[in-house]
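Each chain is listed here by its residues.
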Amino acid sequence: MSEIHVFYHSAMATQFQVRLAGEEKAYAAQAAQAAFTLVDDLENKLSRFRANSEISQIAQLKVGEKLRLTGPVLACLRLAQKIEFATRGAFSLSAAALKTQPTKPLWSLIECEFSLRCDSGKLEFDLGAIGKGFALDGMAELLREWSCPEFLLVAGGSSILAGDAPADNAGWSCGLGEDNSPQRLLLKNCSLSGSGLAVKGQHILDPRTGLPGTLRHRAWALTDSAAESDALSTACMILREDEISEITTKNEGWLVFLQEKENWRHLGLRPMPPVA
Amino acid sequence: MVTPSLTRREFLSTTAAAGAGLLLTSCSPDSNSKSAANKASVLNKISIALIGCGAQGQVLLDSLQVIEGIRLVAVVDIWDYNRNSNVRRLKDNGFDVKGYHDYEELLANEKDLQAVVVAVPDFWHAPVTNACLKAGLNVYCEKMMSNTIEGARSMVATMRETGKLLQIGHQRRSNPRYIFALNKLIRDAQIFGRLTAAQAQWNRTVTNDLGFPKHSEIKPEVLAKYGFKDMHQFRNWRWFKGLGGGPLSDLGAHQIDIFNWWFGTPPKSVMASGGLDYYSNHDWYDNAMVIYEFPLAEGVARAFYQVQTTTSAGGGYFEMFMGDKGTIKMSENPSITKLYREDRADSWDDLVAKNYLRASATERPAGDADKVDVRETAPLLQYDIPVSFAKKIHQPHLENFFNAIRGTAKLNCPADEAFRSEYVIHKANEAIAAQKLIAITAQETEA
Numbered sequence: 001m002s003e004i005h006v007f008y009h010s011a012m013a014t015q016f017q018v019r020l021a022g023e024e025k026a027y028a029a030q031a032a033q034a035a036f037t038l039v040d041d042l043e044n045k046l047s048r049f050r051a052n053s054e055i056s057q058i059a060q061l062k063v064g065e066k067l068r069l070t071g072p073v074l075a076c077l078r079l080a081q082k083i084e085f086a087t088r089g090a091f092s093l094s095a096a097a098l099k100t101q102p103t104k105p106l107w108s109l110i111e112c113e114f115s116l117r118c119d120s121g122k123l124e125f126d127l128g129a130i131g132k133g134f135a136l137d138g139m140a141e142l143l144r145e146w147s148c149p150e151f152l153l154v155a156g157g158s159s160i161l162a163g164d165a166p167a168d169n170a171g172w173s174c175g176l177g178e179d180n181s182p183q184r185l186l187l188k189n190c191s192l193s194g195s196g197l198a199v200k201g202q203h204i205l206d207p208r209t210g211l212p213g214t215l216r217h218r219a220w221a222l223t224d225s226a227a228e229s230d231a232l233s234t235a236c237m238i239l240r241e242d243e244i245s246e247i248t249t250k251n252e253g254w255l256v257f258l259q260e261k262e263n264w265r266h267l268g269l270r271p272m273p274p275v276a
Numbered sequence: 001m002v003t004p005s006l007t008r009r010e011f012l013s014t015t016a017a018a019g020a021g022l023l024l025t026s027c028s029p030d031s032n033s034k035s036a037a038n039k040a041s042v043l044n045k046i047s048i049a050l051i052g053c054g055a056q057g058q059v060l061l062d063s064l065q066v067i068e069g070i071r072l073v074a075v076v077d078i079w080d081y082n083r084n085s086n087v088r089r090l091k092d093n094g095f096d097v098k099g100y101h102d103y104e105e106l107l108a109n110e111k112d113l114q115a116v117v118v119a120v121p122d123f124w125h126a127p128v129t130n131a132c133l134k135a136g137l138n139v140y141c142e143k144m145m146s147n148t149i150e151g152a153r154s155m156v157a158t159m160r161e162t163g164k165l166l167q168i169g170h171q172r173r174s175n176p177r178y179i180f181a182l183n184k185l186i187r188d189a190q191i192f193g194r195l196t197a198a199q200a201q202w203n204r205t206v207t208n209d210l211g212f213p214k215h216s217e218i219k220p221e222v223l224a225k226y227g228f229k230d231m232h233q234f235r236n237w238r239w240f241k242g243l244g245g246g247p248l249s250d251l252g253a254h255q256i257d258i259f260n261w262w263f264g265t266p267p268k269s270v271m272a273s274g275g276l277d278y279y280s281n282h283d284w285y286d287n288a289m290v291i292y293e294f295p296l297a298e299g300v301a302r303a304f305y306q307v308q309t310t311t312s313a314g315g316g317y318f319e320m321f322m323g324d325k326g327t328i329k330m331s332e333n334p335s336i337t338k339l340y341r342e343d344r345a346d347s348w349d350d351l352v353a354k355n356y357l358r359a360s361a362t363e364r365p366a367g368d369a370d371k372v373d374v375r376e377t378a379p380l381l382q383y384d385i386p387v388s389f390a391k392k393i394h395q396p397h398l399e400n401f402f403n404a405i406r407g408t409a410k411l412n413c414p415a416d417e418a419f420r421s422e423y424v425i426h427k428a429n430e431a432i433a434a435q436k437l438i439a440i441t442a443q444e445t446e447a
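So the sequence lines, in the order shown, correspond to chains A and B.
Okay, so the first sequence: first residue is 1 according to this note's numbering, each after it adds one.
Okay, so the second sequence: first residue is 1 according to this note's numbering, each after it adds one.
Same shape as in the complex, but just chain A (with noise of 0.2 Å):
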């Protein structure tokens, strides 16, 4: 096996890596240190705690009021309204929002001005779901760009990316759960991210009601995009399972796990992939 060389950036309030194999190290900093600076650029722009950032302007709208958008923050917020649609409302930007608004606040994207409309209410979104996804998407593109395809890419633990296998490799060994989980699966090119109470405890709303909603303590979700199994996880920890099972059947790119004492189970038409 060829060796991989890792690296390691504070960003989004959490711990980013990348794990490159296949490429001499001097090369592999260079690509994961470009890698890092899209990261604090998404950050700059998506984080609502950066007074400056997109997102923090959004919440200044007033009802009626647009904001135009860069290239970035706009196509994070259309898989945002794809995934919310998805998922029937229990993924959504604005869950947070429900804290301090008696009704979600509503919003449009008007395509053909790149911009975002303030249709209701306050725009206090909170990107926590999705953002750290959408940065490894993000950077899994820029890694290819630099001809370094074999990457693992994670984001503080709950989330990976990744690209192809290590040389001599069916996949990248990735766990479901504590660490050296047993229920472990051989992953390249798609993403798994977990959502679950273990860190941070009941801080999960159901955005259809405002109140916690989790019906679960942990679950999976197995994608092809990092922003859409970020979000679908979470949404996992509120939807019926049978609510699941139809939208996975709807999406047949879409693969989850729940847990159940001991035993895992999956529901989706995705394939499984290899158990290492």
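Errors might be hidden in some of the hints.
Said to hold, decoys possible - Each pair of labels, with its calculated beta carbon distance range:
hint : chain 1 : residue 1 : chain 2 : residue 2 : range
1    : A       : Ser-2     : B       : Asn-84    : 30 to 38 Å
2    : A       : Thr-103   : B       : Asn-84    : 40 to 48 Å
3    : B       : His-215   : A       : Lys-25    : 13 to 21 Å
4    : B       : Asp-209   : A       : Arg-88    : 42 to 50 Å
5    : A       : Glu-141   : B       : Asp-346   : 52 to 60 Å
6    : A       : Thr-103   : B       : Tyr-226   : 54 to 62 Å
7    : A       : Gln-101   : B       : Val-222   : 51 to 59 Å
8    : B       : Lys-219   : A       : Glu-145   : 15 to 23 Å
As the list claims (entries may be wrong) - Computed list of chain A residues with no C-beta within reach of chain B, every gap over 10 Å:
hint : residue
9    : Ala-13
10   : Gly-22
11   : Glu-43
12   : Asp-119
13   : Gly-157
14   : Asn-189
15   : Thr-214
16   : His-217
17   : Glu-260
Keep in mind that the hints were calculated from the coordinates and are not lab data.
Backbone N, C-alpha and C define an ideal beta-carbon position, used for all residues, glycine too.
Here the structure of chain A is known, so what remains is to put chain B in place on it, guided by the hints.
Structure of chain B alone, referenced to chain A:
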């Protein structure tokens, strides 16, 4: 001395705490702005191009994409990889832009331009800016003005000869929070008393030199034509003499400019220590510590500046102005900004009431000296600037430039004003090399 101001339109598009809006507007009125803003909506947009799509060019592009009343028609870069990827991304986001290899190709082909934004390596600032000014364009040029004092001086001369606008990219000069702090807190209310010292810093962790994707190299003959030895030097020009000015120029320029701006005068001397102690493949100092002496009317104020590229320790980047009645720790990052009141200073309650400041609680009145009421421990009061700023941090400075082109504002950092800072930043690098105190006269700092 230029007192940067925001037009009414710029003010109204920033966000201020309730009640502070009027205070802000009264801070820098621009009586012509309303009619001018209406006029701008019916006139053609200002056609602009970005010359240089590197790291700083990307930051400026983020703002240029969201500013109203301009039309971005072209981007320029000698690196195909950078230029083509930016053209592609801009087209995806609704901008019909062309890509050009260099500024001469741009000027030869785009005859309807009114302005350019220049973000090429420092040693190209003077040639590109001078050529664009002479071509009849208004120019926003990133700081440093040049890698040499002579280059910077030539830019001021060309600005004067052509009568065109030349704004230098010290973006804090148009930041509403900085303008408010200077005009209202320091000058108007004088809440920090006599300023006796300042301190600023920008430290960064060790990083790898910038690389480039395989198969994206610029041909050696092209690199040589534009003054670069190789791709490594092209990507890391900031650290090479003859191309950039090192960390003092890259990071320190912004903050040393704040010393000059807020003290209202250039320093009378500089002494400094620094060295190339860490990176074996750079030319410029990796760490530098500088002390300036500013001759204020009340007496000398000393300002210490440090920029380290071997550690990120020190609590972010900020400029701190210290007086005998209080201190302001200012930063582009509002979460780092802090205000401290000396115990000997008068209460700031009236300033809170007048919306000069925001306080975490109301100060408990001392009452009669012979009586006291006992209850829970009162927390120490925290103060903040009542101005928030929901735009990209470079946006107001670019907007000020475009408003100046429209005739509705004055430049907040014209080249002759920026030259005063430019000169003393170059002198700091010179002081490190000379290992001695260098005297600076006010006359020297005039272009």
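These are the hints, each one checked on the structure:
no.: 1; hint: A/Ser-2 - B/Asn-84: 30 to 38 Å; result: 31 Å, holds
no.: 2; hint: A/Thr-103 - B/Asn-84: 40 to 48 Å; result: 46 Å, holds
no.: 3; hint: B/His-215 - A/Lys-25: 13 to 21 Å; result: 20 Å, holds
no.: 4; hint: B/Asp-209 - A/Arg-88: 42 to 50 Å; result: 49 Å, holds
no.: 5; hint: A/Glu-141 - B/Asp-346: 52 to 60 Å; result: 57 Å, holds
no.: 6; hint: A/Thr-103 - B/Tyr-226: 54 to 62 Å; result: 57 Å, holds
no.: 7; hint: A/Gln-101 - B/Val-222: 51 to 59 Å; result: 56 Å, holds
no.: 8; hint: B/Lys-219 - A/Glu-145: 15 to 23 Å; result: 20 Å, holds
no.: 9; hint: Ala-13; result: 13 Å, holds
no.: 10; hint: Gly-22; result: 13 Å, holds
no.: 11; hint: Glu-43; result: 13 Å, holds
no.: 12; hint: Asp-119; result: 19 Å, holds
no.: 13; hint: Gly-157; result: 22 Å, holds
no.: 14; hint: Asn-189; result: 20 Å, holds
no.: 15; hint: Thr-214; result: 31 Å, holds
no.: 16; hint: His-217; result: 34 Å, holds
no.: 17; hint: Glu-260; result: 43 Å, holds
The structure fails none of the hints (numbered hints given earlier).
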